[in-house]
Amino acid sequence: MSQLKLISVDQPEVPALAISTRLRSQLVYFMTPPNTPGIPALGESEYWLSRSEVTKWLSEGIFLLVSPLDTENMTEVELSDEQEVLLGWLDKHQVQHIRVVE
Numbered sequence: 009m010s011q012l013k014l015i016s017v018d019q020p021e022v023p024a025l026a027i028s029t030r031l032r033s034q035l036v037y038f039m040t041p042p043n044t045p046g047i048p049a050l051g052e053s054e055y056w057l058s059r060s061e062v063t064k065w066l067s068e069g070i071f072l073l074v075s076p077l078d079t080e081n082m083t084e085v086e087l088s089d090e091q092e093v094l095l096g097w098l099d100k101h102q103v104q105h106i107r108v109v110e
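Mapping the sequence shown onto this note's numbering, position 15 (from 1) lands on 23, and the numbers just tick up by one.
I should point out that these hints are in silico values taken from the structure, not numbers from a laboratory.
Note that the structure is a prediction, hence the values are computed from the model and not measured.
Heads up, the beta-carbon is just placed ideally off N, CA and C, and yes, glycines get one too.
Some hints here could point you the wrong way.
[As the list claims (entries may be wrong)] With a Cα cut of at most 27 angstroms, we get these calculated DSSO-like pairs of lysine-lysine:
1) K13 with K64
2) K13 with K100
3) K64 with K100
[Unchecked claim] Restraint ranges, calculated between C-beta atoms of paired labels, are given here:
4) S60 with E90: 32 to 42 angstroms
5) S53 with P23: 29 to 39 angstroms
6) E21 with N81: 15 to 25 angstroms
7) E21 with S75: 18 to 28 angstroms
8) R30 with S75: 15 to 25 angstroms
9) H101 with E80: 14 to 24 angstroms
10) E80 with Q11: 18 to 28 angstroms
11) L77 with E21: 21 to 31 angstroms
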C-alpha cells in the first residue's frame, strides 16, 4: 500500500507530510466548509484549514467535535499526537490549502 502524504497547494515548496489512513479520515474535523467566503474552489482530495483555527487548536490543545447524533452539542476532544504534528506542520509552514496524495 502506498504511503499517504499531504502536500501544500498554497505553499508548494513545503515538504510533504506523511500521514496515516486514520488521520486522513480525521481531516474533516479540521477543514473549513468549502462554501465559506474567501476559500478557493477545492479539487478532489483537497481541504482548506483556516490558519486562525489551526493556531487556536494548537494553543488550546483541543478541538470541538459535533456529534452526528446530537448536532446541538459539541464535545471537546484533546488533540492526538498525530493531529498535533499535522497542525504544527500547517502552522510552521503557514499552509491552509492541502491535497492528499498516495
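Hint check results:
1. For the proposed pair K13 and K64, the alpha carbon gap of about 24 angstroms is at most 27 angstroms, so the pair holds.
2. This hinted pair checks out: K13 and K100 have alpha carbons roughly 17 angstroms apart, not beyond 27 angstroms.
3. For the given pair, K64 sits about 14 angstroms from K100 by alpha-carbon distance, which is consistent with the 27 angstroms threshold.
4. Checking the proposed 32 to 42 angstroms range against S60 and E90 shows it is violated: the Cβ atoms sit about 22 angstroms from each other.
5. As the Cβ distance of S53 to P23 is approximately 18 angstroms, the hint placing it in 29 to 39 angstroms is violated.
6. Taking 15 to 25 angstroms as the suggested C-beta distance range, the pair E21 and N81 does not conform, at roughly 41 angstroms.
7. The hinted window of 18 to 28 angstroms between E21 and S75 is violated, with their beta carbons roughly 39 angstroms apart.
8. Distance hint for R30 and S75: a CB-CB separation of about 19 angstroms, consistent with the stated range 15 to 25 angstroms.
9. Our hint of 14 to 24 angstroms for H101 and E80 is violated, since their Cβ atoms are close to 36 angstroms apart.
10. Range check, E80 to Q11: about 39 angstroms between beta-carbon atoms, so the 18 to 28 angstroms window is missed.
11. Checked against the given bound of 21 to 31 angstroms, the beta carbons of L77 and E21, roughly 43 angstroms apart, lie outside it.
When held up to the earlier numbered hints, the structure conflicts with 4, 5, 6, 7, 9, 10, 11 and fits the remainder.
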